[in-house]
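Construct the complete structure from the given sequences, taking the supplied hints into account.
Chain by chain, the residues:
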Amino acid sequence: GAVVSQHPSRVICKSGTSVKIECRSLDFQATTMFWYRQFPKQSLMLMATSNEGSKATYEQGVEKDKFLINHASLTLSTLTVTSAHPEDSSFYICSAMGRAAGANVLTFGAGSRLTVL
Amino acid sequence: LAKTTQPISMDSYEGQEVNITCSHNNIATNDYITWYQQFPSQGPRFIIQGYKTKVTNEVASLFIPADRKSSTLSLPRVSLSDTAVYYCLVGDYGGATNKLIFGTGTLLAVQP
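Residue numbers (this note's numbering), protein chains in the order written: chain A, 1 to 117; chain B, 1 to 112.
Everything labelled a hint here was simulated from the structure, so no lab data went into it. Glycine residues also receive a C-beta, built at the ideal position from the N, C-alpha and C atoms. Each hint should be verified, as a subset may be incorrect.
[Unchecked claim] Derived contacts from chain B toward chain A, CB cut-off under 10 Å, selection only: (1) Tyr-36; (2) Pro-40; (3) Ser-41; (4) Arg-45; (5) Phe-63; (6) Ser-79; (7) Thr-83; (8) Tyr-87; (9) Leu-89; (10) Gly-91; (11) Phe-102; (12) Gly-103; (13) Thr-104; (14) Gly-105; (15) Ala-109.
[To be verified] Calculated Cβ distances over 12 Å to all of chain A for the following chain B residues: (16) Asp-11; (17) Gly-15; (18) Thr-53; (19) Lys-69; (20) Ser-70; (21) Asp-82.
Given below as structure tokens:
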């Protein structure tokens with residue numbers, strides 16, 4: 001149980017285009033979802049926290065107009081990278097927090113590798 | 001926010017027991033301690049979670065002293081496939097406003 005599906009796993013796009021990444025909790029309701037980005041050989045950096053039905057809370061230095069986060073339901077959150085540039089190329093990981101099998105769980109997606117040409 | 005501190009890297013050999021310690025001096029009363037494993041280009045994978053004393057599952061043990069200001073992940077008889085980055089994460093998973101911040105993690109390199 002407590003599975004999080006992240007899609008797509010890899011995406012290549014041209015500079016200036018927008019890319020959407022989906023994060024779904026498959027067998028539990030996610031009250032909170034987190035979005036991270038990770039550069040090679042570095043730790044995960046928290047970008048934003050989102051609660052279902054409310055606006056996301058962005059970390060300092062993360063542009064909310066560039067990284068649009070929508071958490072419209074208890075099982076789905078999306079991250080849209082708008083007007084992508086090569087420096088946005090990174091590994092993006094979502095995680096979902098909720099209750100599954102009577103316990104609080106925090107589960108991570110498999111990640112999405114974004115390459116901007 | 002409970003900040004965590006871990007060694008940057010550790011080396012081991014196959015078959016040895018590995019202990020990775022994490023410091024979290026300002027852990028809050030409602031915080032749990034969770035350890036994750038991450039392979040390159042994959043999301044972190046849950047290993048074990050605890051609140052106090054000792055927790056054991058089929059892959060690891062977690063030791064937490066009474067003051068809860070640190071925790072130790074114990075991996076028995078490691079193999080080459082255990083080479084990965086290990087993160088300890090401290091947080092209140094039942095709290096809707098909790099931010100979960102990753103520390104540097106520990107890169108464990110297992111050699112034959």
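Quick rundown of the hints versus the structure:
At its closest, the beta carbon of Tyr-36 (chain B) sits 7 Å from a beta carbon of chain A; the interface hint therefore holds under the 10 Å criterion. Interface restraint check: Pro-40 (chain B) against chain A, minimum CB-CB distance 9 Å, threshold 10 Å, status holds. Interface hint at Ser-41 (chain B): satisfied, since its Cβ lies 7 Å from the closest Cβ of chain A, which is below the 10 Å cut-off. Evaluation of the Arg-45 (chain B) hint against chain A yields a held restraint, the C-beta minimum of about 7 Å falling below 10 Å.
Interface hint status for Phe-63 (chain B): violated, as the beta-carbon distance to the closest one in chain A is roughly 21 Å, over 10 Å. Hint status for Ser-79 (chain B) relative to chain A: violated, with the closest Cβ pair at about 22 Å, above 10 Å. Hint status for Thr-83 (chain B): violated, given a least beta-carbon distance of 14 Å to chain A, over 10 Å. A cut of 10 Å between beta carbons decides the hint on Tyr-87 (chain B): the least distance to chain A is about 7 Å, and the hint holds.
The restraint placing Leu-89 (chain B) at the interface with chain A holds, with a minimum CB-CB distance near 8 Å, inside the 10 Å limit. For Gly-91 (chain B), the interface hint holds, the least distance from its beta-carbon to any beta-carbon of chain A being 8 Å, beneath 10 Å. Interface hint at Phe-102 (chain B): satisfied, since its Cβ lies 4 Å from the closest Cβ of chain A, which is below the 10 Å cut-off. Interface hint status for Gly-103 (chain B): upheld, as the beta-carbon distance to the closest one in chain A is roughly 7 Å, under 10 Å.
Taking 10 Å as the C-beta contact cut-off toward chain A, the hint placing Thr-104 (chain B) at the interface holds, the least distance being around 5 Å. The restraint placing Gly-105 (chain B) at the interface with chain A holds, with a minimum CB-CB distance near 5 Å, inside the 10 Å limit. Taken as an interface hint, Ala-109 (chain B) does not check out: its beta carbon lies about 13 Å from the nearest beta carbon of chain A, beyond 10 Å. With a least beta-carbon separation of about 17 Å from chain A, Asp-11 (chain B) lies farther than 12 Å from that chain, consistent with its non-interface assignment.
No Cβ of chain A approaches the Cβ of Gly-15 (chain B) within 12 Å, the least distance being about 27 Å, so the stated non-interface status holds. The Cβ of Thr-53 (chain B) lies farther than 12 Å from every Cβ of chain A, with a closest approach of about 18 Å, so its non-interface assignment holds. Taking the minimum C-beta to C-beta distance to chain A, about 21 Å, the non-interface status of Lys-69 (chain B) holds against the 12 Å cut. Against chain A, the non-interface label of Ser-70 (chain B) holds: every CB pair exceeds 12 Å, the least being about 19 Å.
In this structure Asp-82 (chain B) is separated from chain A by more than 12 Å, as the shortest Cβ-Cβ distance comes to about 18 Å.
Figure legend: structure checked against the earlier numbered hints; hints not met, in rising order: 5, 6, 7, 15.
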